[in-house]
Amino acid sequence: HKTDTDTSYGYQRTRYKISSSHSGNNSMSHHYSVLGLDWSRPEPYSDGEIKSAFRAKAIKYHPDRNQDIREAAEAKFKELMTSYEAIKTERQNGSPK
Amino acid sequence: MPLWVPVRSQVAPAACLSPSPEAPRALSLFSSSSVFPLPNSQCLVWRTDLLVISSFRMAEQPYMVASDSETTGDDKSQSAFHDLAIGIEVGTSKCSIAVWNGAQVELLRNTRKQKAMRSYVMFKDDTSTGEVPSGGASNKTAYEEKEILSGSAIFNMKRLIGRADTDPIVHASKNLPFVVQTLDIGVKPFIAALVNNVWRSTTPEEVLAIFLVELKTMAEVQLKRPIRNVVLTIPVSFNRFQQIRVERACTMAGLHVLRLMPEPTAVALLYAQQQQQQQQSLHGSMGSGCEKVALIFNMGAGYCDVATTATAGGVSQIKAMQGCTLGGEDILKNVLYHLLPNFDSLYSNRDMNKIRSMGLLRIAAQDAIHRLSTQSSVQINVDLGDGTKMQRVLHQSEFEEVNRNVFEICEKLIKLCLADSKLAAEDINDVILVGGCSRIPKIRSLVLGLCKKEKEYEGMDALEAAVTGAALEGAVASGITDPSGSLDMLTIQATPLSLGIRVHGGGFVPIIQRNTAIPARKSMIFTTTQDGQTEALIVVYEGEGKMVEENHLMGYFKVTAIPLAPKGTAEISVCMDIDAANTLRVFAGAMMLGTDRANSPFFEVRMPTLDDAHGWCAQALVKTHGSALDLTTIPKELQPQKVQ
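In order, the protein sequence lines correspond to chains X and Y.
Just so we're aligned, residue 14 is where the first sequence starts under this note's numbering, counting upward by one.
Just so we're aligned, residue 1128 is where the second sequence starts under this note's numbering, counting upward by one.
Any given hint could turn out to be false.
[Stated by the list, open to error] With a straight-line cut-off of 27 angstroms between C-alpha atoms, the simulated DSS-like cross-links for lysine-lysine are: (1) K73(X) to K89(X); (2) K101(X) to K1460(Y); (3) K1419(Y) to K73(X); (4) K1569(Y) to K101(X); (5) K73(X) to K101(X); (6) K1481(Y) to K1539(Y); (7) K1539(Y) to K1273(Y); (8) K1673(Y) to K1542(Y); (9) K101(X) to K1750(Y); (10) K101(X) to K1516(Y); (11) K1750(Y) to K1763(Y); (12) K1419(Y) to K89(X); (13) K1419(Y) to K1460(Y).
Read the hints as simulated data drawn from the structure, not as lab findings.
Just so we're clear, the structure is a prediction, and the values are computed from it rather than from any experiment.
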């Protein structure tokens, strides 16, 4: 289930009525991959590992550090924040790590 | 005419604000070893550290700045630092400039060798230019401070900029030597400086612009290159209107704002760099290291900010920020009323002798407050010149008692910030105290006490940390890299205020919550409140109040082409986007019933769209449209998930 941003309208093209049906493994594995992590790794990630992965990507994608490709960096950074928040929420809710 | 000409002379160039025949005015800098003669005797004389204005026509029209490409096509520097943004901190009381010099951040000094320069603009008439005392940026001698307090200078711009005449801070500024008039109708206050025994009007933006021209020229002379890009620090509590006014002042001064940085986030960036360097020296390599949580408390003359930040691997992420208009000015005012309970009577009728007395008392009180940072009591001896002589001792306990309200607000801000960041005192590794007021013993003990710390973080200059951080951000955001890794850091900023829209009944629904990391993009689905409603008003506010009237109205627009449907069934998507430069855009439109597709093209609106008198607009909208175009929220479980 793809949940990409439709830039032509500039808003997230996610239909709210079906949103609850795509919170499964697919999107969590996507969020982990955005942070450069492997969701299917048998050994759970520690909080420290998640944070370090996030920081490494943040410094790589932040628009401040990517002046030449600012717009692409913005989109990438927003995606990174969304995925990081999703992973944090999932871990707080005690879902399987 | 080139925007910038190298200047060899010690006497700095004159800058001129000249009105063009068209509405947008151009502001250019001229190089000259003396006062540059200009048509209509509209000229502004710049004397290295004192600014004098003659026949300066106060304008209401927006200013335009000739772009570099038009004016300096042949002036392209070969240096990699050609476009390097400088950091500027315009404080309520003092101001400083810093720049990345290729290896570290360096603070610039004015001709008096000062790194911290007094923030004010002196207004004087043509005829006196020859005799104007030089040395405005110095506060060493009472004479100069006396001059600043004579009514001819405007200061405290940072407290006045972007505020309406209904604002309590504007009202509190009426006890300053220059004129601050309010009509309490929600428009720009009237401010005026005394020139040739006439109160001549100006605006806070204009005053700030003139001051920025001075700073820009000073930096250009010293760095021997044109300056265009700046990173400016601002208080956490600045709303978007205040930010826009600051940006406008920069534009008037020929500066392009690369970033407006809340002061504690600039400090956080410096902290990230220091932590990174410490890690490297400990481990000899770049490691992510362990996370350190810092609380940054910043209090200057005008504003108080608190922020928490988590730092590791050169990345400092702002957890939460709180700020309010509270600072040395409020402390000074409390002390003035304590020393002279009828202080009001000194300025009510704007008698020149009274203004002078008020200035003398201000200087004496300010000096006493400074000395109380290191002494338990101070002697105040001041001749107010009107037959009144004040001779008394001010004890620290008295000082703390009269400022109890100030300390209470500081305490509240810190607690709110800790609660917002879900941190306990035990979670904090470092307490960073910056800003002039952080030197007040009571404030230090209060902050350290709340954070359960014995000592504050060392290694930061309380008065230079913010501007140093701004210069670091200037280098990073200018794309400069440092082989030694000194610039391999980042502050992930957060929005200090929530952004949302009005819903039926006047409630405020935040779409981007405060302390959301930026750049950010969040969206929500709303629905109609009337059967067959085809249009909806999107009214955008910024603030923390539950009801819209407690918040700042940013602007509004109408979403059209909502498909005909019973109330509560149509879907209107509202998306808010803040980019890295902190620009807010609102996207909204109606969805086709039962689909995830737009019914017609969405609207994209850059906010704020409003300027002055925004309170009126909200009332007018309600008066004209009632609730016919209202929106309401849909249940949380039906919202698109945050996780997308």
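| task | Please write out, lowest number first, the hints stated earlier that are contradicted by the structure. | result | 2, 4, 6, 7, 9, 10, 11, 13
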